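A.B. asks: These protein sequence lines map, in sequence, to chains A and B.
Read in our numbering, the first sequence has 1605 at position 265, and its numbers run on one by one without any break.
Read in our numbering, the second sequence has 330 at position 245, and its numbers run on one by one without any break.
In case anyone wonders, no lab produced these hints; they're calculated from the structure.
None of the values given here were measured: they were computed from a predicted structure.
Keep in mind that a hint or two might mislead.
To be verified - In the BS3-like style, the derived pairs of lysine-lysine whose C-alpha atoms are separated by at most 25 Å in a straight line are:
| id | chain 1 | residue 1 | chain 2 | residue 2 |
| --- | --- | --- | --- | --- |
| 1 | B | K217 | B | K308 |
| 2 | A | K1592 | A | K1481 |
| 3 | B | K473 | A | K1639 |
| 4 | B | K474 | A | K1665 |
| 5 | A | K1590 | A | K1575 |
| 6 | A | K1665 | B | K473 |
| 7 | A | K1626 | B | K473 |
| 8 | B | K308 | A | K1639 |
Said to hold, decoys possible - What follows is a list of derived Cβ distance ranges for each label pair:
| id | chain 1 | residue 1 | chain 2 | residue 2 | range |
| --- | --- | --- | --- | --- | --- |
| 9 | A | I1417 | B | D456 | 57 to 65 Å |
| 10 | B | S463 | A | K1639 | 19 to 27 Å |
| 11 | A | G1609 | B | E251 | 32 to 40 Å |
Cβ coordinates follow ideal geometry from the N, Cα and C atoms, glycine included.
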Amino acid sequence: MSDISRYHRQYLFNKIGEQGQRKLISSRIAIIGCGALGTVLINTLARAGVGFIRIVDRDFIEFNNLQRQVLFDEEDIKENLPKAIAAERKVKKINSQIQVEAIVSDVNFTNIERFIQDVDFVLDGTDNFETRFLINDACVKLGKPWVYGAVIGSHGLTATIIPGETPCLRCIFETAPPPELTPTCDTAGIIASASTVIASLEATEAIKFLTGNKQDLNRTLYSYDVWTRQTQSFKLGGLREAADCPTCKKGKFEFLSGDQTQKTTSLCGRNAVQITRPDNVTLDFKELASRFDQIGSVKYNSFLLQATTGGYEFTVFPDGRAIIKGTNDPAQAKTIYAKYIGT
Amino acid sequence: MVYLDNAATSFPKPKRVYERMDRFLREEAANPGRSGHRLSVAAEGQIVQARSLLAKFFGAKNPERLIFTLNCTDSLNIAIKGILQEGDHAITTVLEHNSVLRPLNALESIGKIKLTKLKPASHGVIDPQDIKKAIQKNTKLVVITHASNVVGVIQPIREIGRVVREGGVDRARPLLLVDAAQTAGVIPIDVEGDLIDLLAFPGHKSLYGPPGTGGLYVGERAKVIPWREGGTGFRSESQFHPADTFPFALEGGTPNSVGIVGLKEGVSFILETGIENIQAHERSLVQRLREELKQIPNVQLYGLEDVTKTVAPVSITIDGVEPQEFSILLDQSFQIAVRAGLHCAPLMHGFLGTAPQGTIRFSPGYFNTLDEIGQAVSAVREILSELKK
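Turn these sequences into a full structure, and let the hints guide you.
C.D. replies: Structure representation (structure tokens):
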């Protein structure tokens, strides 16, 4: 038996105990997304002694991340490090007794099962609905419990999903809300205290599950606003039975099959990428324009909306298609789309 | 949906193509020529018939020398890489598609061959005399498109065939490889009369076969070294791929029998309809399209006005408008499918002055109507009037 004394204050907490601590040490988790939520999840769970942590993220660190993404610092930016790698380095300094695996990759329908198949619990550190639905599909398919978390402004949401027991994410949200009604961190902002709270709740759910405290898991869609201190718990009991859910009722994994995937096309020689949405949306240009208005320049007519912000030029069409100029990397274009337009 | 992207692949296909492929795959699709049972023999029979039909269609005397490929790119690669050897010189043009330019550029960049790229006169036609002048004593291959996939301008293949066959200095006798991606099925091609040594064609464009089909005719003068070797169902005791026995030399592995059967049906449709009727209808569409687009302010038309000198692709640019954006608007607001950009022919846009954004390409096909052309043109007008606001 290895020495577990470093976790003494944690297992002194009677819900965990020495036995729970040993369970944590032998547990494996995957954290999808390494931003505001992901870095807090990693920080908390690495310190808590979860034995294996896989971190998956495709992005590089930018200066405007440091305000809330707790594992990163200015040195990482100077080194131009991918988020997953920078996080892995920090974790090794925080807790050399656990194993960490950094994967710099887009998470999509072709690879997600590989990332989660050998873990006990999955944590959501993403910033978009498409990836969350993908996590949901994969977790329901492979029977992996996971925790959903999302934050914008001062407000966040979380829910814990145990396939076969609780409603899944698609029982709760059948489809993603229209993008112009879904603000993103890059358009509506985010304060670090909000993401810290939600990530702490998510991490606690993981600890409960992994230490054998399933009875204490959150069974609601929990909403908290750090600014107004408004709390709401939407009861989910019965939803699983009531919802005609394509994922957990019909076993149709629409995101995992690739049917519900954004398609990207690099435009030859133009340093631009075209993104096509899988779903049928009709964007409200007025809403979207008011969002871009805060952070850059924007104009629109009934056919298209053109905006410039963050060094990128966007041409957005009513059905959600967009041409993003300023990159020819499809993965980066997807990130930018998720940031400014949403999914 | 008004589909005006037939230069990329024809759509829809004649009904008989769908029906025949469905029946073949359900009832007849054994591995052709591999086994002696009746299904295998019958499947082989279909492929032999398809080969013979296509050979006749292109005026080739020897059907065995017409091989089936994956697409026109595959055909061009088999020919270019199978013919050119260390120290050879090749001639091509700036009109070409990347399926010609990239294999040649790659061979040139590793120092294996020397390459000359000819420019057309201002109207987009290559002067055969320029080819004659470019022939050197080590010129092995002349590769030219039969018609540009950007502007549709037809090249004088028969005259080019003549100068290439005459050869040049020091008795250089190059081979002529023609890329018929935009013409096979719309313009009569006669490999004997046109003095074409190698003809590369797609099955899925104007021959109305399904995607995944194509062919290469290899004339008697051409020696193509196969680089794809494997099972042929023929002379299996030999350790080596049969390099001189056609069609096996250039066809290894189980063929796309379902596709080939569909292609045969597409060619039968052309023969039944009459290639002259197909050509006449497509010309009437192109004529209407050009006439109407010409009247819209700020629209630049490329290519030739005389529709007897072009095939279907019609390219335009509009002042101050991104082709890619415009094509999305046509698609989502008017259900009109066109293609925008470089159309995989980068040098052509240097020539036209349309680099780097490219053009908006309308490519009507036999199944389009004059009405649909009208719809497309009014969509262009409508978008432009909204964009002006």
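A.B. asks: Identify every previously stated hint that the structure contradicts and give their numbers, smallest first.
C.D. replies: 8
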